[in-house]
Structures are given as structure tokens and as C-alpha cells.
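Enquirer: All chains should be built: construct the whole structure from the sequences, respecting the hints.
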Amino acid sequence: MDYEKDFEDKIEKNDPENVVLPEENEKEELYQTEELNSEILKAEEQKQEELETTAPIPKVVFRNNKKSLGKMVKRFRKRMLASFIAVALVAALIGGGITGTVMKYYGTQNDASAQVVTRYLPLDATSSDESGILNLIPNIYKIVSPAVVEISTSVAYNYGYRTRGSGSGFIISSDGYIVTNNHVIDGASKITVKLSDGRSADAKLVGKDDRTDLAVLKINLPNLPIVKLGDSSKLQPGELAIAIGNPLGESFAGTVTAGIISGLNRNLQSDYGPVKLIQTDAAINPGNSGGPLVNSKAEVIGITSVKLTSIGPSIQDPFGMFGSQGTPVEGMGFAIPINEAKPIIDQIIKHGYVERPMMGIGAQTVTQQDAAQYNLPVGVYVVQVQPNSGAEKAGIQPGDVIIKVDGKDITSFEDLQGILNSHKVGDVIKVTIWRNGRTFTVNVKLQSSANFE
623 MDYEKDFEDK IEKNDPENVV LPEENEKEEL YQTEELNSEI LKAEEQKQEE LETTAPIPKV
683 VFRNNKKSLG KMVKRFRKRM LASFIAVALV AALIGGGITG TVMKYYGTQN DASAQVVTRY
743 LPLDATSSDE SGILNLIPNI YKIVSPAVVE ISTSVAYNYG YRTRGSGSGF IISSDGYIVT
803 NNHVIDGASK ITVKLSDGRS ADAKLVGKDD RTDLAVLKIN LPNLPIVKLG DSSKLQPGEL
863 AIAIGNPLGE SFAGTVTAGI ISGLNRNLQS DYGPVKLIQT DAAINPGNSG GPLVNSKAEV
923 IGITSVKLTS IGPSIQDPFG MFGSQGTPVE GMGFAIPINE AKPIIDQIIK HGYVERPMMG
983 IGAQTVTQQD AAQYNLPVGV YVVQVQPNSG AEKAGIQPGD VIIKVDGKDI TSFEDLQGIL
1043 NSHKVGDVIK VTIWRNGRTF TVNVKLQSSA NFE
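Residue numbers (our numbering): 623 to 1075.
Careful, some of the hints might be misleading.
Quick list of the computed label-pair ranges, beta carbon to beta carbon [claimed, not checked]: (1) Asp968 / Asp819: 24 to 32 Å; (2) Lys1030 / Pro844: 49 to 57 Å; (3) Arg1060 / Ser796: 53 to 61 Å; (4) Gly1059 / Thr987: 16 to 24 Å; (5) Asp832 / Glu872: 23 to 31 Å; (6) Pro999 / His973: 31 to 39 Å; (7) Gln1006 / Ser811: 32 to 40 Å; (8) Lys1052 / Ser796: 44 to 52 Å; (9) Asn780 / Pro999: 55 to 63 Å; (10) Tyr781 / Ser1044: 44 to 52 Å.
If you are wondering where the hints come from, they were derived from the structure by calculation, not from laboratory data. Every value quoted in this text rests on a predicted model; they were computed, and no experiment measured them. Glycine included, every Cβ here is placed at the ideal spot set by N, Cα and C.
Expert: Given below as C-alpha cells:
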């Protein structure tokens, strides 16, 4: 009928307000009587019961409504565009976070946020300096690499020398002082340094420190390039980290690898106690040892020292930190923080050795478990006392347990070492001792570690 066509047309136009319902008598022509409706309903229910037992997995069916479908497509496109923008922004943050690109997306940030971002800007670059951003690592390499040197060591053999090994180092002063790792030059009879410009010279060992794995060399050449030392205390995980060195010797001299600061204050165990190192995923390989780890300002913030390849022996494990075979790992390199190295370097240059304040004892930690098992207090157990040391003169004996220093509780050897490191040679400290159930305090004058070497 005509009204049926008109009704359908208005539904198709999605114009329900103007839909005119058919008259009552016309409705009666459309529907069956109540009795017929009842029979139809029963038939439908029976059919539905049959379908429920054999029905296939339902499918999603879209309405054939062009206008509704068009709206849905538009909404979908908007969502996709929003998602794309969000992904692009995240990618830009990840890729550009260390170079200042973030500023392009967050130009209206408050000053505090902007100050944080500018720490990652490339050298002398602004957020609009695209060439500076793109050339960040090459620019850093050009600035730092001339001062990075290759170190070759030899040992006396019959009437000559035999090559022993190689490593890296970097020049810190125009008069020729070079910093490297102790394990690079340890045991060498002859040390040769080669610069990136092709010049080479025999190096003099100024001094070394086994405890921190640091050594200082000196060469006599004119017009030496130098590095700038940074501040490792300001480092944050996620910052750019660039390693420059000579992995595997001369064939790969001047290799640059980049990554991030993966972690700080990684407490690894050495023969001399715990060592706090910077962790990075910048590739570090044999021969990189002693080279610089550099930040986005081309400042040296660490000295590459250790690469963890597995929880077990490693060719790049000079401290012997990882004692047994285990699971292989990737991207775990470590560097000595430059702030930890600076006072050591200064002392080596000044004295030829490192002067540390010492009590003159050999000791080990008494843990809670040890205390319960041996009926001792938690603290530091004195294993031996050096003759003529401050500890001996104060009356400290093997078997004593140090429980306080200057009124501060001592629960580990690390606690004791930390307090000693805060003092200088000649200082007097108050040491509280537990001995056979009684407690007393003595004054100990700290002496130089050089007295006991």
C-alpha cells in the first residue's frame, strides 16, 4: 500500500518525528487476530527451541543503514587518527626525549618541566635546531674521541717484550695525564699509548689503586686534546650514555656505541668489598675497559670497566664478581662513576698512591643469623689487628665486635667503611666495642692505608 511505502521512505531517511502511523482500521489489516497471533507465537517458540539445539556460532551483522554506517565509519576514522597521533607522540618522546624533540610537542609546559627537558638537549642546540638533534651522537664523538687513546701493554720476555693486552683510556689534562683501569695495565713492563691522530708514546705509570680499579698514566706530547669531566651524581636512569673505546684492539679503535643509563649505584661485590657502579646497555667489549662513558653534553660521567655476559666467569670480569656459570645476559655493562673516581685520580697524581684513613683491622660482618647462632651482637667482628695500628694502640683485639662508631650503629662492614671514608688521615673516632658480654668505648686515631701496604 501507499502508506507502507511512505512509512518505509521516512524510516530510510531516519526521520522518525515525521513518521505518521497508519489509522486504526489500517492497522487491523496489517495484523492477525489474537487467536492467529497466539498460534503464530506458539509456532515461533517451537521453531526457536529447535534452532537452539542446532544454532551455529552467531555472527556480527551490521545494519544496512547507510547513514548510521557512515557515522560509524567517521567515528572509527577519528579513533584511528587519535590513536595514530598518540602513537606518534609516544614514538617522538622515546626517540627524541634525549635530544629535545619533546619541546616541539610540549611547547606550553611549565618552566619546571622545561628545565628538566633541557638537560637532554644536544650540545648548544635548541628544540628547533633539527640538525643538532640529528647529529647529537656524531657531534659528541667528534668532541670526545680525539682524547680517547688506545693502550697496549707488554711484558719483559727474554731480551725483549711480548704483547700482553690492550685497553682504552682518556686524556684529562694538556700535560698528558691519562685515566684508565688498573686491570688494563696491571703487571705490564711497558705501556704504549696511541692517539686517534696516529701519534704514539711510551707512558709512565703514575700510580694505581687496586680497590677502585683505577690507574693514571702520563705521556709527554704537545697539543694534547682533553675530555671534560661531568657530574655523575646528577645522572638519571634513561639518560643517554655513549661509550667510546677500542674493543678487541687496534682493528676496532675508536668504536662508539650508544645506549642509556640503565641503573645507578649497582652494588657489585669485589675482592675489596662492595663496589657501586653505573649500569648501561651501551655495548662494552674487551678493550673498552678504561674508556669514557659520556653523557649528552659530551662530558665523561663514568669509566667503563665491567661487562656482565653471564652469571659466571667473564673475560670482562676483572673483579671476579660472578663466581659460577649461569644464565647468559645481554646489555649489562658497568662503569665507575666519575665522582667516585675524581678524588682517587687526584690523590694518585698528587702522591702516586691513594691515601685512605684506616683503623688497621681485618673484619667481617656479623649478620642477624650469625648473631643468633654464635650469641654475638650484630656488628663487625674483628678478625685481626695490624701491629702498630691505631686499633692496636686503642686496645682493640681479635674477637671484639664493633657495634658503634661516633655514636652511630654499625650493622655491617659497609657501614664501618662508609664512616671511615667520611674521615681523613689523623682523625680520631670513638669506637664502641662488645667483648665477652661487656661494652666499652675507645678512641682510635686513623692512619694512612699506605702504612699497611
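Enquirer: None of the hints should be skipped; say for each whether it holds.
Expert: Quick rundown of the hints versus the structure:
no.: 1; hint: Asp968 / Asp819: 24 to 32 Å; verdict: 28 Å, holds
no.: 2; hint: Lys1030 / Pro844: 49 to 57 Å; verdict: 51 Å, holds
no.: 3; hint: Arg1060 / Ser796: 53 to 61 Å; verdict: 60 Å, holds
no.: 4; hint: Gly1059 / Thr987: 16 to 24 Å; verdict: 20 Å, holds
no.: 5; hint: Asp832 / Glu872: 23 to 31 Å; verdict: 27 Å, holds
no.: 6; hint: Pro999 / His973: 31 to 39 Å; verdict: 38 Å, holds
no.: 7; hint: Gln1006 / Ser811: 32 to 40 Å; verdict: 34 Å, holds
no.: 8; hint: Lys1052 / Ser796: 44 to 52 Å; verdict: 46 Å, holds
no.: 9; hint: Asn780 / Pro999: 55 to 63 Å; verdict: 58 Å, holds
no.: 10; hint: Tyr781 / Ser1044: 44 to 52 Å; verdict: 51 Å, holds
Taken one by one, the earlier hints all hold for this structure without exception.
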